[in-house]
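In the order they appear, the protein sequences are chains Z and L. Taking the working numbering, the leading residue of the first sequence gets 158, the next gets one more, and so forth. Taking the working numbering, the leading residue of the second sequence gets 348, the next gets one more, and so forth.
Keep in mind the hints are simulated off the structure, nothing from the lab. C-beta atoms are modelled at their ideal positions from N, C-alpha and C, and glycine is treated no differently. Hints are not guaranteed to be accurate.
Unchecked claim - From chain L, some residues computed to sit far from chain Z (all C-beta separations above 10 Å):
no., residue
1, Lys379
2, Ser405
3, Gln456
4, Ala710
Unchecked claim - Below are the EDC-like pairs computed for lysine to aspartate or glutamate, each with C-alpha atoms no more than 20 Å apart in a straight line:
no., chain 1, residue 1, chain 2, residue 2
5, L, Lys413, Z, Glu198
6, L, Lys459, Z, Asp211
7, L, Lys379, L, Glu403
8, L, Lys509, L, Glu490
9, Z, Lys272, L, Glu740
10, L, Lys593, Z, Asp336
11, Z, Lys272, L, Asp739
12, L, Lys593, Z, Glu344
13, L, Lys593, Z, Asp249
14, Z, Lys272, Z, Asp249
15, L, Lys389, L, Asp609
16, L, Lys453, L, Asp630
17, L, Lys379, L, Glu651
18, L, Lys632, Z, Asp211
Now for the letters of each chain:
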Amino acid sequence: MKRSTFFAFVAPSLAMMLIFIAIPLVTVFWQSFNTTSTIYETVEVENCSPGFPDPVCTVETRDRPVLDANGDPVTETRFVGGAVYRELLAPDRVAAAFSAGGGGIRELLTIDFYKALRFTLTFTFVTLPLILVLGLAIAICVNNAVRSVRGPIIFVSLLPFIITPVIGALSIRWLFIGDGIMTAWLEALTGREIAMFAQGWTIEVLMLFYRVWHVAPFAFLIFYAGLQTMNQDTLESAIVDGASRWQRLRYVVIPHLMPLIVFVSLIHLMDSYRVFEEVIGFSSQAFRISLQWLTYDFLIPDQGGNRAISRASASSMLTMIGIVILLIPLLRRTWRDTRPRS
Amino acid sequence: MFLRSLALAATLALSTALPAAACEFTTDLPIKSLSAGFEAWKAVTGAMKECDPNFEASLDQEFAQKQPEAFAADPALYQIGGVANETLIPLLNAGTIRPLDDLVAKYGQNLKENQLIRVDGQIVAVAMMVNAQHLMYRTDVLESLGIAPPTTWDEVLAAAEKIKAAGAVPYPLGATTKTGWNLAMEFVNLFLGEGGAFFDDSGAATVNSPAGLATLETMQAMTPYMDPEFLVSDSTYVQQQFQQGKIAMANLWASRAGAMDDPAESQVVGKVAMAAAPKATPDGKPATTIWWDGIVIARNIPDEEAEAAFRLAMEGLSTRMVEANNDAAVWLIEGYQPTRLSEGVIASLQGGAPAYPASTRLALMHTALGNHLSDYLTGAASAEAVLQAVTDEYTTKATEAGLL
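Looking at chain Z on its own, in the form it has when it is part of the complex (with noise of 0.2 Å):
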């Protein structure tokens, strides 16, 4: 191909990249080291509000922005170089935490950055292996299962992929939740009071169970189709050989499976890694939060108009950081897989 061809072709592409994804990365690092404020005076103001039976007024100072010509706050944006980062990071209560006389690892989990990367890391490799290998196993008993109950079989395992995250999520929540069906059942299983929703740990089984049971049909349906592709005469000439169900599966199976594994594990690592769904559906906000939970609260107004722009942008930085750490084992062996041999 040409190579003024090959730009027509890329330019609309490149031209919607740079527009949707390059331009707000720059803005968001940019923010990220600079905060807005809004300039305020302090006034003594007379305020009356409700009362019985007649109104009651205070006398109270308040803080009024300040307004320019046109009757809007001014406001002041400031470059505060690495603050943000090290607001959100808390360098000194960590130095604290492991100083003599510091609380340690508990310590640290009491600030909330640590508290969402222990809580995203344990959540994205926990469901990991359990995703893999839940999705080979359903792909494989399909795989020998008679050729008329495939298409149902098929059908009823891939349900919970297609279910809205939240709305599982939810549902799952109900279903545990006070005096939910399945408390009541584990109790009257148990014989002892049960409740899921009264400590963290609880919580999080339930969230890592949703995440398998929501993701799980997602790998059986690539690692299916990689079935699919087997080259059959190795798997005979292996059964000739000798080899154990076992052993085939082993040596002639997850070989030729393996880009597929890689390529499941970078989109549920990718995936996970943001996990959000699960904090807002079982509303573990009390014991449990993310890092992409604590970008989005960042960013939500609080009552009064009030949001941390700047460290919405520094957490969602660390995010995005954090994932290419996470993918970089990956994307090295995807790259040396693709490398042409010489």
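Starting from the known structure of chain Z, arrange chain L on it as the hints suggest.
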């Protein structure tokens, strides 16, 4: 729920079909409003619709997040806004609502002085109702155990102990302690009841104080009597616990009182009584804060439109509306007949409970409290450490916002 909305829709449809004879003012300008979506707002916007066939009401639970942007637009996307103590602040700060003194003088003859929200001498909003968290209790449970209705938190805890010992209900106490805004609200109520002050003269946080520690202690003392899942318990959850007879006492929002006597949902009709919020100290004021809900008019609209919007709002806040919806809220409007269900709010008001002291600072403090208090209740951190974390977060945010 579906039947109720259907009935409501039918009533609305019916009432719009009627000639607008009851209206003192009618218009066909396309006026729009944005407010919360609870019963009282449905009643008020319903009454407005009767007088303006082109009126459009957005009843939205997320109104607080939409309002600042919608009112900052020019022209504003809504003429009428529904606000409360706290949600008025961002609009006031951004200067996107207009002073109402002229309009009240011209068209507000039916308003009571008590309804006018004044900031720095100017009328900025017109209130229609008040709401507050106050004590609700099961009369049958307390009477059968010979407990007098508690008036202080110490008495509440003593009563809870007796109820627990008797095993009358699964959990003696309920509370709106969901992490975040709700939990922080409980703290604010108790803290002000203890006589605490959130800030010193320079605006620095002073929650890490004896009053703050006493407040946390009271909150901790409540937890053994509550459902162990209390950190996910919001107003609706507590309301349902009451309705299903699972709890005997709670400091719950007045706007939820009606649900206790709703035979379609409640198993305890007529058994729940309302009283003033318990005091934190024996000689203090009821430990609760008074909230009002009311209307504001946008700045960025033509004057004629503002005039029509205000007059239409007055139709919504009319005696005619209150007479048709007496039990939907504790109305401030002329013609309201207090009932058994409004006793709690009125007793709290008469006891001198303060209005929620909404300000930009307190909004930051409220969020910081909501983020950290649960660490103390779950035992992850000590009371001092939690209050210090709240102070730190507030300081960071206030500095960032330009308040310190």
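Structure-based check of all given hints:
no.: 1; hint: Lys379; in the structure: holds, 21 Å
no.: 2; hint: Ser405; in the structure: holds, 18 Å
no.: 3; hint: Gln456; in the structure: holds, 18 Å
no.: 4; hint: Ala710; in the structure: violated, 2 Å
no.: 5; hint: L:Lys413 with Z:Glu198; in the structure: violated, 26 Å
no.: 6; hint: L:Lys459 with Z:Asp211; in the structure: holds, 9 Å
no.: 7; hint: L:Lys379 with L:Glu403; in the structure: holds, 5 Å
no.: 8; hint: L:Lys509 with L:Glu490; in the structure: holds, 12 Å
no.: 9; hint: Z:Lys272 with L:Glu740; in the structure: holds, 16 Å
no.: 10; hint: L:Lys593 with Z:Asp336; in the structure: holds, 11 Å
no.: 11; hint: Z:Lys272 with L:Asp739; in the structure: holds, 17 Å
no.: 12; hint: L:Lys593 with Z:Glu344; in the structure: holds, 17 Å
no.: 13; hint: L:Lys593 with Z:Asp249; in the structure: violated, 47 Å
no.: 14; hint: Z:Lys272 with Z:Asp249; in the structure: holds, 16 Å
no.: 15; hint: L:Lys389 with L:Asp609; in the structure: holds, 18 Å
no.: 16; hint: L:Lys453 with L:Asp630; in the structure: violated, 44 Å
no.: 17; hint: L:Lys379 with L:Glu651; in the structure: holds, 14 Å
no.: 18; hint: L:Lys632 with Z:Asp211; in the structure: holds, 18 Å
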